[in-house]
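**Q** Read off the chains here:
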Amino acid sequence: MATHRALVSLAAVAATTMLLTSCAAGSEAPADPGEAEGSITFLTNRTDLETDGTWDAYITEFQKTYPDVDVTVEALTSYADDVVTRLSTPNGYGDVLLIPASVPANQYSDFFEPLGSTDELSETYRFQDSASFDGTSYGIALGGNANGVLYNTEVFAEAGVAELPKSPDDFLAALSAIDENTDAIPYYTNYKDGWPLGGQWTENIGAVSGDPDARVEMASVSEPWTQGNDVYAIDSLIYDVVEEGLSEPDPLTTNWEQSKNDFATGKIGSMVLGSWAISQFRAAAADAGASEDVVGFMAFPTNVDGQQYASTGADYNLAINANSSNKAAARAWIDWLVQESGFTQTQGMISAVEAEPLPDNLSSLTDENVELLEVTPAPELNEVADESQVDLSGNIYRQKLIDIARGQADGDKKSYFTTLNERWGAAVDELAG
Amino acid sequence: MSVSTTGPDPMGISGPLHGVNSPDPARSGKGSRNSRNSRNSRNSRNGRRRGRPGSKRASKLTPYAFVAAAVGLLVLLTYLPAANMLWYSLNDWNGFGPVDDFVGFDNYIEVFTNPEIFSVFVVSLYYFVGAFLQMGVALYFATILSFTTRFSNFFRGVLFFPYLLNGVAVGFVFLYLFQPDGTLDTVLGWFGLADPPQWLGDASVANYSLAATSVWRFAGLNFILFLGAIQSIPSDLYEAAEIDGASRWQQFRFIILPGIQRIVGLSFILAVAGSLSVFEIPFIMTSGANGTATFVIQTLQTAFSFRQVGLASAMAIVLLVIVLVVTWVQRKVFPDEKVDLS
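Chains as they are written, first to last, in our numbering: chain A, 16 to 448; chain B, 578 to 919.
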């Protein structure tokens, strides 16, 4: 590996001189594939695709069009943390990488190459808002997800839940039915691993009210944890589920990998997760010898006058290192991955290319007349979350919420929501003033 | 009379002492001639060097060259980052881009005025109490195993083993141990103790479970320090004490304990510093959830979950100062008395 990396950097140095002229042209994909050349390093979070040879197969296919480009894939297990550290060295974060969520949008230009104007790119690509700043786009999504609830169809059937829950009360009733009629744990929080309590829940902001700008609004509201707000409905649901004893008995010893198997074998009724998880859970079901049809996906159990919404959003966005010496080759790799590789079809994700159809696994949503909603990302939301130390897309505050709900920490829903409102409001004021 | 105490000596604790005092068979006869030869050749080489003034200075500098490598690495990897951290702590910095928002002592004021930051030190008390338990256990076993005990080598190995394990591995092992219907519950079930608490899920028990894990892991280090110190006590003292009719307890009370006073003092300082900066076991086992967050976990969360690297740096500096002050106070309150056993 080390020698390999040394070779790559040598090749990069050699290629620098040749590319000095083409750099000026920005990072448009070269019209003639012969123009893209050199070695690029691609950082990804999908270690599983490295193990099973998917990336290698992609590279072979890619080189049929771009024979002069060498691609080295580095798959990182704890991607977000590792890359954030590596961002501090100019050439330490590869040539093509996924934008870590913790990089604030106003610092994109320090690290990433502009890919074009947001307006223009939006004509071709979905999710452009999530990787743009000031009308310039710095990333293209490798794919997108819808957010909602994964449920075990057999467990729901066994419990006698005929109709999918469309409101929080329906959902609680369904979980109670599972609790009474089956041996399954109605809801599994994945508390110990933490991340399933963060973004997976928070991403539903917008779906509750059907308002694509709900996130933007929340960044300026001083008391979002009050009735009528999206986050209030979301956190109330998880609180009520836990308080009524419908979640696992000891949340401190949950295990994500094990939970996939438990779900497939009917020991778990439901989890709030994005549609990205469907393919993983189907694979787990196949491994466990169960039918893949046990994995069902439904919209977050809320509705506005009977109409349900499911928020969609970009997975990681692909970006080019601003210091890369092979930007043309990097851009060619990004465009090829998004447009030609067929990645989103095999992964069951929503393609970033506007013209591509929705994946099959979302058909359950369209069958139920759920409206897909592309939510406007709000970078300001992260700033308020950091300032107030309420990690909206993290797990710390929701773990505390669960601790309160199961009687292991002081307070109740009302008092905790008041605390959250105070901290949030103070941060909003601080940032505004 | 050999320096070694009564027990066998597998750990090599008193090994060096032993080697110095006893005649080395390899040195006698043929071996000694060899060593003399080599010394001669070294002398002659030195003699030749002495002839040139430049190389004399070079040879004077040689030790510094060796020290420079070590000090250089220390400066590069410890003092420079620490100085950097001091600088970050005076800035409002989120971990990206230039550090240019100088805020002076605002971060420190935040550390001392925000009750949520300091309240986590309560969690350290569990580990502090655990540290005393740990020292007691270690002292007990070190004393027993320094006397002739059957299978003492085996037991020394068993007691030291946990310390050799990686902290991450320990965390995972105990995670399985503490699971509902896990190993611990099963074992308790054999003794008829049904209905045990959730070792990690119950907030009133979780910190005890974690502190106990910490004791299990670090008792080996205290044990090995105490054992080494006890073995350096001349064994004729025990013989004299036994002739005078002293019991094992009296031997412990008046020979061992005063003899290892310094090591006990050192362990005490390490225990206090350690309990203030507990990190890996609670981080791996609960990631600070359910009221088990320690100050270091909170610092980490501040830096990376809330992206307030400046504030987190200030917290780290405050912790460093607290540890230094505690150590200094301890040295003042319990001065390092000269040990006189005779």
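To be clear, the hints were calculated from the coordinates, so they are not data collected in a lab.
Check before you lean on any hint, since a few could be wrong.
Claimed, not checked - What follows is a list of derived Cβ distance ranges for each label pair:
no.	chain 1	residue 1	chain 2	residue 2	range
1	A	D198	B	Y656	34 to 40 Å
2	B	T763	A	N338	26 to 32 Å
3	A	D302	B	R839	54 to 60 Å
4	B	V910	A	Q242	54 to 60 Å
5	A	D425	B	G842	37 to 43 Å
6	B	L651	A	D96	24 to 30 Å
Stated by the list, open to error - Cβ-to-Cβ under 8 Å is the rule here; a few derived chain A residues that face chain B:
no.	residue
7	L64
8	E65
9	L102
10	V118
11	A120
Stated by the list, open to error - If you want the footprint, here are the derived chain A segments under chain B, 3+ residues with CB under 8 Å:
no.	stretch
12	55-61
13	253-267
Where is the CB? At the ideal position from N, CA and C, for every residue including glycine.
**Q** So, for every hint listed, does it hold in this structure?
**A** Structure-based check of each hint:
no.	hint	result
1	A/D198 with B/Y656: 34 to 40 Å	violated (59 Å)
2	B/T763 with A/N338: 26 to 32 Å	violated (56 Å)
3	A/D302 with B/R839: 54 to 60 Å	holds (58 Å)
4	B/V910 with A/Q242: 54 to 60 Å	holds (57 Å)
5	A/D425 with B/G842: 37 to 43 Å	holds (39 Å)
6	B/L651 with A/D96: 24 to 30 Å	holds (27 Å)
7	L64	violated (26 Å)
8	E65	violated (23 Å)
9	L102	holds (7 Å)
10	V118	holds (6 Å)
11	A120	violated (11 Å)
12	55-61	violated (count 0)
13	253-267	holds (count 4)
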